[in-house]
Structures are given as C-alpha cells and as structure tokens.
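Enquirer: Throw the hints in and build the complete structure from the sequences for me.
Protein chains: 2
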Amino acid sequence: MADISLDEVGHAAERLKPWAHLTPVLTSQTLNERCGASVFLKCENFQRVGAFKFRGAMNALLQLTDEEKARGVVTHSSGNHAQALALAGKLLEIPVCVVMPRTAPAIKRAATEGYGATVVPCEPTQADREATVERLIGEHGYTLIHPFDDWRIIAGQGTAAWELLDQAAPLDVVLTPVGGGGLLSGTAIAVKGRSLATRVIGAEPEMVDDAARSFRSGRIEPTNNAQTIADGLRTSLGPKTFAVIREHVDDIVTVSETEIVGAMRFLWERLKIVVEPSSAVPVAAVLNAKLPVQGRRVGIILSGGNVDLEPLFRALSV
Amino acid sequence: MADISLDEVGHAAERLKPWAHLTPVLTSQTLNERCGASVFLKCENFQRVGAFKFRGAMNALLQLTDEEKARGVVTHSSGNHAQALALAGKLLEIPVCVVMPRTAPAIKRAATEGYGATVVPCEPTQADREATVERLIGEHGYTLIHPFDDWRIIAGQGTAAWELLDQAAPLDVVLTPVGGGGLLSGTAIAVKGRSLATRVIGAEPEMVDDAARSFRSGRIEPTNNAQTIADGLRTSLGPKTFAVIREHVDDIVTVSETEIVGAMRFLWERLKIVVEPSSAVPVAAVLNAKLPVQGRRVGIILSGGNVDLEPLFRALSV
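First to last, the protein sequences are chains A and B. Under this note's numbering, the first residue of the first sequence carries the number 11, and numbering increases by one thereafter. Under this note's numbering, the first residue of the second sequence carries the number 11, and numbering increases by one thereafter.
Among the hints, a few may not be true.
[As the list claims (entries may be wrong)] Reference excerpt, derived from the structure (chain B facing chain A, CB under 10 Å, subset only):
{"no.": "1", "residue": "Asn55"}
{"no.": "2", "residue": "Gly60"}
{"no.": "3", "residue": "Val271"}
{"no.": "4", "residue": "Asn316"}
[Stated by the list, open to error] Distance condition first, Cα-Cα at most 20 Å in a straight line; then the derived SDA-like pairs of lysine to any residue:
{"no.": "5", "chain 1": "B", "residue 1": "Lys100", "chain 2": "A", "residue 2": "Glu149"}
{"no.": "6", "chain 1": "B", "residue 1": "Lys27", "chain 2": "A", "residue 2": "Thr37"}
{"no.": "7", "chain 1": "B", "residue 1": "Lys27", "chain 2": "A", "residue 2": "Thr40"}
{"no.": "8", "chain 1": "B", "residue 1": "Lys100", "chain 2": "A", "residue 2": "Lys27"}
{"no.": "9", "chain 1": "B", "residue 1": "Lys300", "chain 2": "B", "residue 2": "Glu269"}
{"no.": "10", "chain 1": "B", "residue 1": "Lys27", "chain 2": "A", "residue 2": "Val35"}
{"no.": "11", "chain 1": "A", "residue 1": "Lys27", "chain 2": "B", "residue 2": "Val35"}
{"no.": "12", "chain 1": "B", "residue 1": "Lys79", "chain 2": "B", "residue 2": "Thr153"}
{"no.": "13", "chain 1": "B", "residue 1": "Lys100", "chain 2": "A", "residue 2": "Thr40"}
{"no.": "14", "chain 1": "A", "residue 1": "Lys100", "chain 2": "B", "residue 2": "Arg44"}
[As the list claims (entries may be wrong)] For the chain A half of the interface with chain B, some residues (derived, Cβ under 10 Å), not all of them:
{"no.": "15", "residue": "Thr113"}
{"no.": "16", "residue": "Trp278"}
{"no.": "17", "residue": "Glu279"}
{"no.": "18", "residue": "Leu301"}
{"no.": "19", "residue": "Gly315"}
Since the hints were made in silico from the structure, they are not lab data. Please read these numbers as outputs of a predicted model, since none were measured by experiment. In this text, a Cβ means the ideal position worked out from N, Cα and C, and glycines have one as well.
Expert: So this is what it looks like as structure tokens:
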C-alpha cells in the first residue's frame with residue numbers, strides 16, 4: 011500500500027509553487043474530432059528543464075534536513091531526472107552528483123554539468139551503477155534521490171495532475187506514459203484522491219510492455235530491453251511505484267512504434283509543440299482507440315520536450 | 011492617416027471571441043537572462059491554422075453583407091492567409107477562391123483545398139496574379155480580401171496585441187515581424203491606442219529590408235526579392251499598412267539570416283514550441299540587442315508555426 015496520501019501531493023503542490031512553472035493546458039479541435047473526445051494536454055514539455063521531472067526532484071530536495079542539504083545528493087540517470095536534480099540543486103545550493111553510464115550521449119552529460127552538477131561515469135550495467143552510487147554515498151554521505159522509486163519524487167510528479175484537475179476538471183480519464191512509474195503513481199494518487207470516479211490509465215510502448223505485464227501478473231516483470239523510440243520509458247517499475255499502480259491505476263494500454271511516431275508528428279504539426287516520443291505515447295493511445303474515450307473529457311500529461319534537434323536543423327540546411 | 015481607430019480593433023476582438031483561440035503567453039527565464047529583459051511571447055503559432063492570419067481573415071468575413079457572403083470571396087496567397095481565409099470561409103459557409111502561383115508547393119495547395127476553398131493557379135508574376143483575381147471578380151462577383159492591405163484585416167491582426175496587453179500589461183515595447191505590414195500596423199493601432207508610451211517596433215530580415223528602407227525614406231520601397239528563410243516576410247508594404255506604420259511605429263530593425271536561425275532554434279529547443287522562421291525574427295532582434303530592452307517588459311507576437319516537418323521526421327528516421 012502507498013505510504014503517501016493525497017495530502018502529500020497537495021503539500022508538494024504548495025511547496026513547488028515558487029519554483030515550478032504552472033504549465034498551460036492546450037486543446038485542439040482536430041485532436042478532439044479525431045478521438046471523439048475532449049482532450050486536455052498538460053504541457054510538461056514547458057516545465058523547467060523541459061520535463062515533469064523537475065517537480066519530483068525539487069520536491070525531494072526541499073524536504074531534506076539542513077545536514078542532508080550540506081552533504082549533498084546523488085542519483086543515477088542519463089535522462090531528464092539528471093538535469094532536473096541538477097537544476098533543483100543549483101537553485102537550492104545543494105551539491106548534486108549524478109552517476110551516468112559512460113556510454114551516455116555527451117550532450118546529456120554537458121547539460122547536467124551545465125547546471126553545476128558533478129557527473130561520475132560508470133559502466134553501462136545495473137551492477138556497476140549501483141556499486142558506484144553506494145561507493146559515493148559511503149565516501150561523501152550523499153542522500154540518494156532515486157529517479158522514481160521515492161515517495162517525495164512520486165508526490166512531486168503527482169502535482170502535474172493536481173494542477174490539471176484545477177485547470178480542466180471534471181475529467182473522466184487521465185493518461186500518462188509509464189516507465190519507472192513515478193509519474194503514473196503520483197498521478198494516480200492525486201486523481202483518485204480528488205475524483206474517485208476518474209479513470210487513471212498508463213500508456214506504454216508495446217516494445218517495452220513490462221508495466222502492462224506487471225499490472226496483469228501482479229509482480230514486477232523485467233523490462234524487454236528493447237530500443238523503443240520512447241527512450242524515457244525503457245525502465246522497469248520499482249516496488250513503491252508498483253504498489254501504487256496496483257492499488258490505484260485502472261489499466262495500462264500499449265501502443266506500437268508507428269503509433270508513437272504518428273502521435274508525435276501530430277503534436278508537432280498540429281499543436282505546434284516540441285514533445286519527446288514518451289509524451290506521444292498516451293496521445294497515441296487515444297488516437298488509436300486503445301481505450302474507450304468517446305464523448306469523454308480526457309486529460310493527458312505530456313511528459314517532456316527534450317529531443318535532440320541537431321538533425322532537424324541540419325536537415326533544414328539552416 | 012489610418013482609416014481605423016482603436017475602437018475598431020476592440021470591436022474585432024469582441025467579434026473574434028467565439029471563433030479565434032485566446033492564445034497563451036509564454037515566458038522563459040533563459041530568454042529573460044539572455045536579453046536582460048522580461049519577455050512575453052504571444053503564441054500565435056497556437057492560433058487556428060497555426061498563424062495570426064486567421065484573425066484578420068475571420069474579422070473580414072464576419073463583416074460582409076449577406077449578399078457578399080453569398081457571392082463569395084477571392085484572395086491571392088500561397089501562405090498562411092490562404093489557409094486562414096479558407097478556414098474562415100468554411101466556418102461561415104462562404105465560398106472562398108484562392109489564386110495561387112502554379113509554382114506553390116503542392117502541400118500548400120492541398121492544405122487550402124482541405125478547408126474547402128477553390129484554388130485557381132496563376133503564373134508566378136504579379137501581373138498575372140492581379141489579372142487572374144480581376145477576372146474572377148468579374149466572372150463571379152467575388153469580394154477581394156487582400157492578405158494585408160485591408161482595414162478589416164489590419165484590425166483583425168491587431169487583436170493579438172490587444173489580447174497580449176490584457177495578458178501582460180504594462181509593456182514597454184511590443185515587437186512584431188513585418189512583411190506586408192498587416193500584423194505590424196494592426197499591432198501599432200492596438201498598442202498606441204491603449205498605451206501611448208509603449209514603443210512599437212517592426213523586425214525584418216536584412217535580406218528583405220524594404221519595410222525598414224520605406225520607413226526611413228518615407229515612401230514604399232520595392233522588396234529585395236531575396237530568398238530569406240523567413241518566407242512569410244518577402245512581401246512589400248501596402249498603402250494602408252504603410253500609412254499606419256509611418257504614423258504609429260517607432261522603428262523597424264533588421265536581423266541577419268544567422269540570427270533568425272539562431273532565434274528559431276532557441277525557441278524550439280528552449281521554449282519547446284514549433285515556430286516558423288518569420289516568428290523568430292523579432293526574437294532575434296531582442297537576442298542580438300538590435301534595440302534597447304535592458305530591464306524592460308517586452309511583448310513579442312510569434313506570428314505562426316507552419317513549417318514543413320517532413321525533413322525532420324525523415325532525419326530522425328522515424
């Protein structure tokens with residue numbers, strides 16, 4: 011059972027107000043016509059560092075003791091969580107150390123370091139990643155801020171849905187992408203606590219359908235280790251996120267790679283927003299009728315907008 | 011002197027309320043830091059048909075007599091005005107005919123026809139374009155809806171700035187791109203009428219600096235006919251738009267192609283929004299200190315987001 015309550019998401023929402031953007035909710039007549047529903051897109055691609063991850067990272071750091079703050083924090087991530095924690099640490103003057111596989115793109119390392127964090131490379135294996143984190147904690151007394159399996163992170167991520175309810179309630183369904191499950195579990199707590207009848211649905215690439223399989227089998231299934239374009243969703247669930255998902259989430263649906271790309275292109279071309287492939291996953295689910303949405307009010311959390319645009323600007327020859 | 015007053019922009023704003031999107035205003039800490047100013051971006055890329063042009067087209071059609079509505083309208087454009095007028099006509103059930111050079115991209119023709127307009131090709135010369143429009147007016151009794159040199163169009167385009175003032179006043183400066191001058195002149199009327207001390211500045215590519223030259227010489231100078239990436243701004247001013255610009259605009263500044271591309275990339279990467287090159291022109295002006303903005307509150311109209319994304323999705327191999 012979840013160790014946090016709706017209250018904790020509400021507290022996180024208050025705590026984050028001076029720090030996080032209140033991101034806008036966009037709608038599109040074309041999207042509504044294609045789905046036969048009223049769809050409300052919560053634009054976390056406009057959040058600081060370009061992703062909802064800033065919410066959880068900031069919420070976690072704001073709750074450290076003074077002693078913990080002075081010693082600093084450590085995490086492992088080569089994605090949005092790394093940059094989110096780095097920025098949160100910079101804003102609060104807390105040292106941040108990020109363990110990143112040495113195979114991570116140089117641009118990701120540079121972005122994290124750009125926010126003032128220290129990056130420590132590790133071998134691209136789970137064993138070495140964990141050993142490196144443990145070693146750093148032993149040496150420096152860092153507090154671990156896990157990318158998703160942490161109640162402070164989960165509560166922080168839930169604040170996007172909390173705001174969405176303020177902006178677009180009543181909603182019949184809320185969808186989020188699911189990777190490690192931080193966003194989905196936080197969303198489920200926020201939504202079910204405020205509106206029990208609202209369905210909460212996770213959306214996942216077919217290629218990495220471990221959350222859907224876990225949801226059906228009742229235990230955490232390993233990831234497929236597949237190269238879905240939605241690179242933010244390659245992670246497996248954690249014990250905490252899975253406990254919340256089992257208790258509060260109504261279903262997890264899956265979409266094909268083609269459906270993800272189609273939804274992503276739709277969002278860029280029609281909504282005029284830059285979103286990363288992970289954000290397109292729940293949109294693909296409603297565009298391709300993976301769940302009943304006819305005539306309903308549907309909220310979707312667009313998780314982020316961090317895409318490497320170098321190929322685009324090269325292709326446009328500009 | 012301008013034949014329309016501030017009142018007419020206010021009336022247009024009321025008239026458009028049921029039809030046009032109230033587009034959001036985005037801000038960015040990074041942008042503010044880079045310019046040393048508080049910048050408010052009015053996102054007309056989120057407007058219907060992806061550009062501010064819907065405002066003017068709809069405002070014009072809403073003021074036709076029943077007889078004019080029944081006979082239909084004609085315009086010449088291969089850009090956003092064509093699609094804007096086509097959509098406005100579809101919504102109001104008014105026949106729309108668009109004269110388009112036969113060299114226009116097939117995708118633009120298809121988009122315009124997709125909204126139910128009739129496209130009549132012409133030779134890519136001003137003479138044949140005008141002759142074709144005249145012929146169609148003679149044959150069908152169409153009303154001409156000029157892309158910019160029309161008071162109804164100018165008033166409609168001014169409603170974007172009108173909303174921006176509601177959303178972000180007080181503003182020290184408001185910038186827009188300038189091509190034919192519909193957006194700049196409408197903006198100038200709206201802004202100067204409500205806040206005389208606010209400076210109104212046009213921004214233009216160096217490569218097609220005819221508006222800047224006209225502003226200085228006091229007469230309409232011909233366009234340079236150059237292939238700026240900001241393809242929406244290749245047009246010369248018209249007599250009506252120029253009259254307003256002379257009377258109400260404080261300055262016209264120019265930016266290089268490199269500066270336009272840099273600003274466009276900044277908007278895509280940092281703001282996570284899809285904007286067309288024309289939208290990046292005034293942003294390039296503030297990013298490159300083409301006017302004093304230090305410590306000021308600066309409004310910018312982002313004109314649109316219609317970019318062909320085919321090369322991007324090809325480059326991403328998705």
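Enquirer: If a hint holds in the structure, say so; if it doesn't, say that too.
Expert: Going down the list of hints, with the structure as the test:
no., hint, in the structure
1, Asn55, "holds, 4 Å"
2, Gly60, "holds, 6 Å"
3, Val271, "holds, 5 Å"
4, Asn316, "holds, 8 Å"
5, B:Lys100 x A:Glu149, "violated, 68 Å"
6, B:Lys27 x A:Thr37, "holds, 16 Å"
7, B:Lys27 x A:Thr40, "holds, 19 Å"
8, B:Lys100 x A:Lys27, "violated, 43 Å"
9, B:Lys300 x B:Glu269, "holds, 11 Å"
10, B:Lys27 x A:Val35, "holds, 19 Å"
11, A:Lys27 x B:Val35, "holds, 19 Å"
12, B:Lys79 x B:Thr153, "holds, 9 Å"
13, B:Lys100 x A:Thr40, "holds, 15 Å"
14, A:Lys100 x B:Arg44, "holds, 18 Å"
15, Thr113, "violated, 20 Å"
16, Trp278, "holds, 6 Å"
17, Glu279, "holds, 6 Å"
18, Leu301, "violated, 24 Å"
19, Gly315, "holds, 4 Å"
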